[in-house]
Amino acid sequence: MTDLLDRRLIVVTGKGGVGKSTVAATLGLLAADGGRRVAIVEVAARDHVSRTFGLGAADVFRERPLADGLHHVSVDAEPALREYLADQLPVRAMADALTSSRAFAYLAAATPGFRELLTMGKVWELAQHTRRTPGARPYDLVVLDAPATGHAIALLDAPRTFADAARVGPIARQGRTISDMLSDPRRTAVVAVSTPEELPVSETLMLRDAARATLGAEPALAIVNAVRAARLTGPEVARASAAATAPVARSVTRAHDLAREQQAQLTRLRRGLHGSGVPVVTLPFRGDGDLGPADLHELGRVLGRRLDRRDPVVVS
Amino acid sequence: MSVADRLEGKRVCIVAGSGGVGKTTTSAAIALGLASEGKKVAVVTIDPAKRLASALGLEQLGNEPHRVDPALFTKAGIEVTGELWAMMLDAKRTFDELIERLAPDEKTRREILDNRIYQELSGAVAGTQEFTAIAKLYELDRDGGYDVVILDTPPSRNALDFLDAPDRLTSFFEGRALKLFLAPSGIAAKVVGRSTGVVFSVLKRVTGVDLLQDLSVFFRALGGILEGFTERASGVKALLGDPATTFLIVTSPQREPVDEAIFFHGKLAEARMPFGGLIVNRVTPCAQDDEVDVSALTASMTDELGASLAGKVARTYAEAQALAHRDLRAIERLRVELGVEDPILVPQLEGDVHDIGGLLGVQRHLFATDEERGRMMDEAAGVA
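Chains as they are written, first to last, in the numbering used here: chain L, 1 to 316; chain S, 1 to 384.
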């Protein structure tokens with residue numbers, strides 16, 4: 001499974017609140033630790049990863065170093081449009097007239113999927129061996145910390161939709177180029193992040209179907225995040241509850257019930273994915289997202305070990 | 001103050017917060033609580049968990065609320081003197097119905113509904129759910145005959161999308177801008193200046209002709225429903241700022257949802273929309289203020305449980321308390337940042353809520369007085 005990190009682009013998505021940013025940062029660190037030059041890309045106004053590394057909200061498009069080999073870029077549709085037009089149009093004044101035009105702003109805002117297309121265009125640019133941005137160094141791997149499943153699918157689908165809708169012209173051509181990359185499993189991998197809970201698991205299964213339909217490929221990996229260890233067996237819980245003080249007994253029972261519910265959802269996920277080639281890897285619960293760089297490094301090592309195993313289906 | 005006090009005199013309650021914090025469950029529990037107090041309540045949910053949806057008898061997407069069978073309440077052992085209505089929003093259908101209602105004639109209606117741009121726009125996830133959700137809210141509030149309508153907001157990537165939706169649509173449908181498209185070579189173009197001509201020639205070049213054609217048909221057809229749409233969007237906007245409307249922010253004590261809650265609260269204030277209170281779900285109950293001494297605790301249980309089990313039990317307890325302390329810090333941060341004296345804290349409940357009984361459990365916390373709630377939290381911690 002380590003060939004996951006040899007793609008050009010990893011798209012990390014899943015239901016809101018499952019720890020997509022944590023997983024994206026973990027994957028990024030793991031790849032950077034392996035000597036790659038990595039960019040973690042966030043869609044603007046999120047910037048969770050940069051905050052984890054103690055940086056403030058990002059200037060859009062500034063490529064900033066987070067750690068050795070790891071960089072952070074925040075992508076937004078408006079500057080992507082400006083950059084795109086400046087690149088496409090021969091005369092600077094034309095691009096300026098266009099971007100400052102109210103009519104154009106309305107059109108861009110109203111055209112379905114246009115924002116998504118622009119965002120993916122910039123992500124594509126970052127993932128190229130030869131960057132279009134003058135003087136910019138290429139990355140070995142781009143990890144896209146994508147929005148939640150539905151919106152991520154819209155992002156992945158936009159280039160193809162535009163290619164089909166426009167048919168001719170530069171947008172059609174570029175849409176096709178981006179879409180080709182996204183649906184090429186050697187270059188692009190979708191990583192589905194979940195937690196062992198009902199809705200996130202349902203959304204992961206939905207993502208599998210949507211990825212099949214949109215990209216013609218399944219997610220390369222499902223990562224189940226924040227799995228709580230079941231330390232005690234049922235009979236042990238009963239013995240402990242009888243012997244311990246009320247607060248201790250409550251904690252033990254609650255932890256046990258939670259772990260059991262989680263195992264049931266993990267089983268549901270594995271059953272749902274049965275028959276497709278999506279491997280499932282779990283990550284241990286690490287205390288709710290207050291993770292610093294050191295925690296992420298540790299998590300990266302755990303993930304690395306689990307990805308290295310022949311059968312990455314691990315019960316933690 | 002309980003949720004009931006906070007919703008006193010409110011007709012519309014919008015439950016906001018990031019994904020995965022129990023928003024839908026909270027919305028349904030609030031609706032249940034108000035219904036049991038005798039009100040006629042509708043709850044609009046976006047994407048409920050399957051088990052919760054079937055608990056409410058919501059087997060499929062629908063566009064009208066349906067009444068939750070009172071027999072379910074009797075079975076769960078509660079008396080509901082009011083009525084609980086629930087629906088799962090179908091964004092695409094809500095949009096279609098709105099167009100159907102606003103279109104002046106069959107031709108305009110078909111032209112819009114069949115247009116490829118419209119089909120994508122109305123089926124797309126981003127933006128449409130937000131707009132249709134509040135459009136539905138507006139309609140239910142105006143015509144539904146409910147005492148209270150509760151809206152469980154869509155899982156936006158950004159809470160801002162939700163507040164902005166009516167504004168974005170209003171300004172998008174705002175006559176002047178639209179006319180630019182409808183008459184690119186007309187008077188509007190001359191008024192706006194030469195740049196419009198450049199815009200259109202460049203657009204053709206950048207986007208390819210077909211797309212532009214589709215767009216222009218779309219915009220022209222929309223021209224026919226412009227007035228109705230603008231009116232609707234401003235009605236929706238007015239409703240969001242109405243004194244009878246309130247926003248409850250729901251979060252869990254994790255950092256991301258807390259950040260989002262603080263951000264959203266700021267945006268509410270900026271937009272001068274009414275903030276009605278904060279609910280913190282999934283709080284780990286705290287049993288002791290100081291750090292757990294794992295070895296002492298292990299030693300105290302070793303005689304009865306043996307060293308190995310005693311150690312595991314002690315570590316489990318210590319971890320739970322560490323989490324509880326972090327939760328307390330998160331809640332303190334929310335108190336300061338939001339200026340909320342008394343957030344409503346709901347302890348981590350066992351398992352997902354998937355029946356009326358489970359909803360009732362949540363509702364008890366939400367509708368309790370401060371004193372009762374404190375007691376329930378202590379009970380959950382085992383220190384009552």
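If you're looking for bench data, these hints aren't it; they were derived computationally from the structure.
One or more hints might be untrue.
[What the hints assert, rightly or not] To give an idea of the chain L side of the interface with chain S (calculated C-beta under 8 Å), a few residues: (1) G16; (2) L199; (3) S202; (4) L205; (5) R208; (6) D209; (7) R212; (8) A213; (9) A230; (10) G234; (11) P235; (12) A238; (13) R250; (14) S251.
C-beta atoms are modelled at their ideal positions from N, C-alpha and C, and glycine is treated no differently.
Tested hints:
| no. | hint | result |
| --- | --- | --- |
| 1 | G16 | holds, 2 Å |
| 2 | L199 | holds, 5 Å |
| 3 | S202 | holds, 7 Å |
| 4 | L205 | violated, 11 Å |
| 5 | R208 | violated, 17 Å |
| 6 | D209 | violated, 15 Å |
| 7 | R212 | violated, 18 Å |
| 8 | A213 | violated, 14 Å |
| 9 | A230 | violated, 10 Å |
| 10 | G234 | violated, 13 Å |
| 11 | P235 | violated, 10 Å |
| 12 | A238 | violated, 11 Å |
| 13 | R250 | holds, 4 Å |
| 14 | S251 | holds, 4 Å |
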